[in-house]
Amino acid sequence: MKATVKIAYTTILHEPRKKLGLTLNEYSVAASIYHLSNNPKAPVKGWCSASKEQLANFIGISRRTVCTILNTLLGKGLIERQEETSFLRSSSKWYDEVECFTGCEETAHKGVKKLHTACEDSSHNNNTISNKENKSRADAPPALISKHANTGKEIVHQDFVDAYWQWYEGKVGEPPRLLEADYKAIKNIRKYLTEAKKGDEAKALSSWLYILSSWGKLEDFLQRQVKPTQIDSNMANIRLQLREQHKKVTAASNGLNIQKMIEEQQNKVYK
Numbered sequence: 001m002k003a004t005v006k007i008a009y010t011t012i013l014h015e016p017r018k019k020l021g022l023t024l025n026e027y028s029v030a031a032s033i034y035h036l037s038n039n040p041k042a043p044v045k046g047w048c049s050a051s052k053e054q055l056a057n058f059i060g061i062s063r064r065t066v067c068t069i070l071n072t073l074l075g076k077g078l079i080e081r082q083e084e085t086s087f088l089r090s091s092s093k094w095y096d097e098v099e100c101f102t103g104c105e106e107t108a109h110k111g112v113k114k115l116h117t118a119c120e121d122s123s124h125n126n127n128t129i130s131n132k133e134n135k136s137r138a139d140a141p142p143a144l145i146s147k148h149a150n151t152g153k154e155i156v157h158q159d160f161v162d163a164y165w166q167w168y169e170g171k172v173g174e175p176p177r178l179l180e181a182d183y184k185a186i187k188n189i190r191k192y193l194t195e196a197k198k199g200d201e202a203k204a205l206s207s208w209l210y211i212l213s214s215w216g217k218l219e220d221f222l223q224r225q226v227k228p229t230q231i232d233s234n235m236a237n238i239r240l241q242l243r244e245q246h247k248k249v250t251a252a253s254n255g256l257n258i259q260k261m262i263e264e265q266q267n268k269v270y271k
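Residue numbers for the sequence shown follow full-length UniProt numbering, beginning at 1 and rising by one.
Heads up, some of the hints might be wrong.
No farther apart than 25 angstroms at their CA atoms in a straight line, the calculated lysine-lysine pairs in the DSS-like style are these [unchecked claim]:
(1) K203 / K217
(2) K171 / K227
(3) K184 / K197
(4) K227 / K191
(5) K18 / K93
(6) K247 / K198
(7) K171 / K187
(8) K187 / K197
(9) K41 / K93
(10) K184 / K247
(11) K187 / K198
(12) K171 / K203
(13) K217 / K171
Bear in mind the hints are in silico, worked out from the structure with no lab data behind them.
Please work from the sequences and hints to get the whole structure.
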């Protein structure tokens, strides 16, 4: 049985939370990333490879909210993101402000001072988010840290990766084993589709989702080209085939509509 990495709870230290200007949800996401990236049983050691859906399900918020929170945390310098894989980890700022925080309160009781620490020892092994789905991401090579990883382009790139991941797993029945070349290929696909949509990244992502959902309409050869590097190489042919398929469906639909109109007119004449 494959080992799974889970977070059972998140301890919120309100003093550093307020100092950093974080909401409860923002703090919870940041803390989850810290524990997942530091867990010795994590699929990708030193990095949190959990998807946005997993983070959202654990904390009880939407995927869109997670995306917004990640941007906030990146902007505050509390987390870092790999440029190639989009994996996450806590920054030294988070470690210094939160993990090293010790809130000491002195209370006198019968002349004896008791020291209460507000800091609980949170084990890295106390993990509710399952990284089982991301087990094979351990094959992903290390990448440079992007200092500008909170840009919209990086978020869109991660959405492209997430879409491919879910599509492949649903099609093949197991997670993909992505290499550095595959992540670069997905980035090339994003760039290609964004240029095709005249810089509209939202339309580019919609086009990517349409391509994946319409995969069964392609010829057999292209249907077998499921690796990101293969898709990247065949992207022009893939889009051409899907456009031709769309034209045929539209023409057939128009033909049926015209035939229906003719029949309706004939019925009126004979009545």
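Against the structure, the hints come out as follows:
{"no.": "1", "hint": "K203 / K217", "in the structure": "holds (21 angstroms)"}
{"no.": "2", "hint": "K171 / K227", "in the structure": "holds (12 angstroms)"}
{"no.": "3", "hint": "K184 / K197", "in the structure": "holds (20 angstroms)"}
{"no.": "4", "hint": "K227 / K191", "in the structure": "holds (17 angstroms)"}
{"no.": "5", "hint": "K18 / K93", "in the structure": "holds (15 angstroms)"}
{"no.": "6", "hint": "K247 / K198", "in the structure": "holds (22 angstroms)"}
{"no.": "7", "hint": "K171 / K187", "in the structure": "holds (21 angstroms)"}
{"no.": "8", "hint": "K187 / K197", "in the structure": "holds (15 angstroms)"}
{"no.": "9", "hint": "K41 / K93", "in the structure": "holds (24 angstroms)"}
{"no.": "10", "hint": "K184 / K247", "in the structure": "violated (32 angstroms)"}
{"no.": "11", "hint": "K187 / K198", "in the structure": "holds (17 angstroms)"}
{"no.": "12", "hint": "K171 / K203", "in the structure": "holds (24 angstroms)"}
{"no.": "13", "hint": "K217 / K171", "in the structure": "holds (14 angstroms)"}
The earlier numbered hint that this structure contradicts is number 10, and it is the only one.
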